[in-house]
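Going down the list, the protein sequences come from chains A and B.
So for the first sequence, the working numbering puts the first residue at 13; every next one is plus one.
So for the second sequence, the working numbering puts the first residue at 994; every next one is plus one.
FYI, nobody ran anything at the bench for these hints, they're computed from the structure.
No experiment lies behind these values; they were computed from the predicted model shown.
Every residue, glycine too, gets a C-beta built ideally from N, C-alpha and C.
Be careful, since some hints might not be right.
Quick partial rundown of chain B residues pointing at chain A, CB under 10 angstroms, derived from the structure [what the hints assert, rightly or not]: (1) Thr1025; (2) Thr1156; (3) Lys1160.
Quick list of the computed label-pair ranges, beta carbon to beta carbon [unchecked claim]: (4) Phe1030(B) / Leu351(A): 17 to 23 angstroms; (5) Gln1041(B) / Phe53(A): 48 to 54 angstroms; (6) Ile30(A) / Gln1041(B): 16 to 22 angstroms; (7) Leu1137(B) / Glu286(A): 35 to 41 angstroms; (8) Leu407(A) / Phe1030(B): 34 to 40 angstroms.
These are the residues of each chain, in order.
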Amino acid sequence: MRDPVAIKIERALRNPAIFFGAAAVIGVIAIAVLVALALTFANVLASQFGLSLIVMAIVLVIMLTACALCILAERRVSAWVQDRHGPNRVGFAGLLQPIADGIKMFIKEDIIPGNVDRPLYLLAPALAFGIALLGFAVIPWAGYVRWPWMPADAAPLATQVANLDIGFLYIVAIASMGVYGVVLAGYASNNKYAFYGGMRAAAQMISYEIPMGLGLLCILLTAGTLRLDDVVNAQARAGLWYVFYQPLAFLLILTSSFAETNRTPFDLAECEQELVGGYHTEYSALKFGMFFLGEYAHMITGSALLIALFFGGWHVWLLPGVESTTWWAMLIKFGVYWLKIAIFLGFFMLVRWTLPRFRFDRLMRMAWQALVPMGMGLVLATAILVVLGWNQNLLACSAANALVLLVSLLWAGHARTPVTGRQENLPPIDVRPA
Amino acid sequence: MRDEDILVIQEPQLTAAERLYLPQIVDGLKTTLRHLFNVQRRNQTVVQYPEVKRELRIANYRGVHRLNKDPDGRVACVACFMCSTACPAHCIHIEAGESPWPDREKYPVKFDIDELRCIYCGMCEEACPVDAIELTPCFDVVGLTREEMIFDKEKLLEIYDQTKDLKPRKNPPVTDYGLTGGQDPRVAAPNAEEKI
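The following block holds chain A by itself, in its conformation from the complex (with noise of 0.2 angstroms):
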């Protein structure tokens, strides 16, 4: 029987003030604590490793509230989108939902199959989350800090957890590696499904790593460097984001990070019409909970990548800039950029659940005589530019991006796709509408 007291605690974290007095009691006690512990270490925050560390925590804590937060968004936006509620039991308007989630994945049983590849297939949900984790490292969060206690001729430090040289090639490193968990669990599955999933991924994923390898290089081309806060700090200073200077390099990796999140409309590694589960079908319980938070995770680093490079990561017009380094303005900086990722899931999401689901051909097809020829024409245009020393010119630039796309386009409606797997002795009848 119903313990009486939870059903009262529930009812009553239904009701919108007790549920924000609640969320903001501990907010003002997390608040607290935070400042009081930067306060104690004070002198940690005033190192750049220290900061790094400090970013490290709080961002991990942010994701993997975010992740939780993300399943929640998405079965709101897809009951919204079908004209449904969605969750709204369990806390105010279902915002508790996340936890009722999370507990039952961890009292749920956890079925390990008989003839699995033990220990391969424990590593790949570890895998699968833990790399897609690992992107973070390079995201300039906030700019630079100096903090008030720190001398004033100080140098500022980086809010960002490695401020490597080379941070577009480790970026490109860490999301070829995502395939890792995903090929992992389909194999050691010892299911066919499972490992037909897991193939599909490795080919999908391989695929679309050179678009999005491609795309890079155009904004490597543009930016003239490889690190990232060098990139966002160029588009602040500027005050126009890269995105109008190279439009069809965003969607060339806007495309390429949808593929290589796995969802739809690229998700064949686990569509369910096919494949059961795909490479996840023998997982469950917590080592399930792992895969799905780790496509959130993916999500959430897919589009804080495209936002350092293509939407000027923290900056916004009017709000401080790349000179501000004062810890409000890092707050300010913070928070711009993780709504700018809100938003950017967002859109994941209602793409989710617009489009239907690639056919394998067409999807191979997009990637290598689409994707492929249109990011390679796009370098040359790039390359060209920064011959001419125009890189730099936002006229110039769009004006290449639109003369590959008018390109493609001439090529797209001259070329005819191939129709495979049809009778072709036989009369072919039209079936377009008049």
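Given the structure of chain A, go ahead and fit chain B onto it with the hints provided.
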């Protein structure tokens, strides 16, 4: 299937704009966004179940079973086994005994329905010659064990007491066959309803 029955159609060739996918994607996003922000529509569509209950068609909704009582408060069932024979899920278990009443030969000593096994098709209701078993509009029947969900005669009669106001027994009892010699109005004019 003959060869000429097979209709081979060719995929329509996409135009350049269609192959770019972007206009179509934008169109699709417009549709989903329209639904996303249409609060009124989803408020109309969704029934917030535990607080708001849907209006059921009480006369023919197929929920949990009940065993009807005749006006004297006796179980109306005559233990003819028609329902358990008709049942496609084999969820009705009856044990018949000699009736203590003069107007019928048998009555059910035991009458168990496994509500978890039942598929709520209503065949038992159709098969019953005395309209003793009926499906009620109650659908929110829960239990914590499987044994709890095997409803016995007392439970089924209790459901009748609970639902008789909501859904009165369909027909007057006709358990006095053989004794009144066809005094039942339905026997006198079997097609009365159709003539109207």
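Each hint tested on the structure:
no., hint, verdict
1, Thr1025, "holds (4 angstroms)"
2, Thr1156, "violated (25 angstroms)"
3, Lys1160, "violated (30 angstroms)"
4, Phe1030(B) / Leu351(A): 17 to 23 angstroms, "holds (20 angstroms)"
5, Gln1041(B) / Phe53(A): 48 to 54 angstroms, "holds (49 angstroms)"
6, Ile30(A) / Gln1041(B): 16 to 22 angstroms, "holds (20 angstroms)"
7, Leu1137(B) / Glu286(A): 35 to 41 angstroms, "holds (38 angstroms)"
8, Leu407(A) / Phe1030(B): 34 to 40 angstroms, "holds (36 angstroms)"
Checked against the numbered hints above, the structure violates hints 2, 3; every other hint is satisfied.
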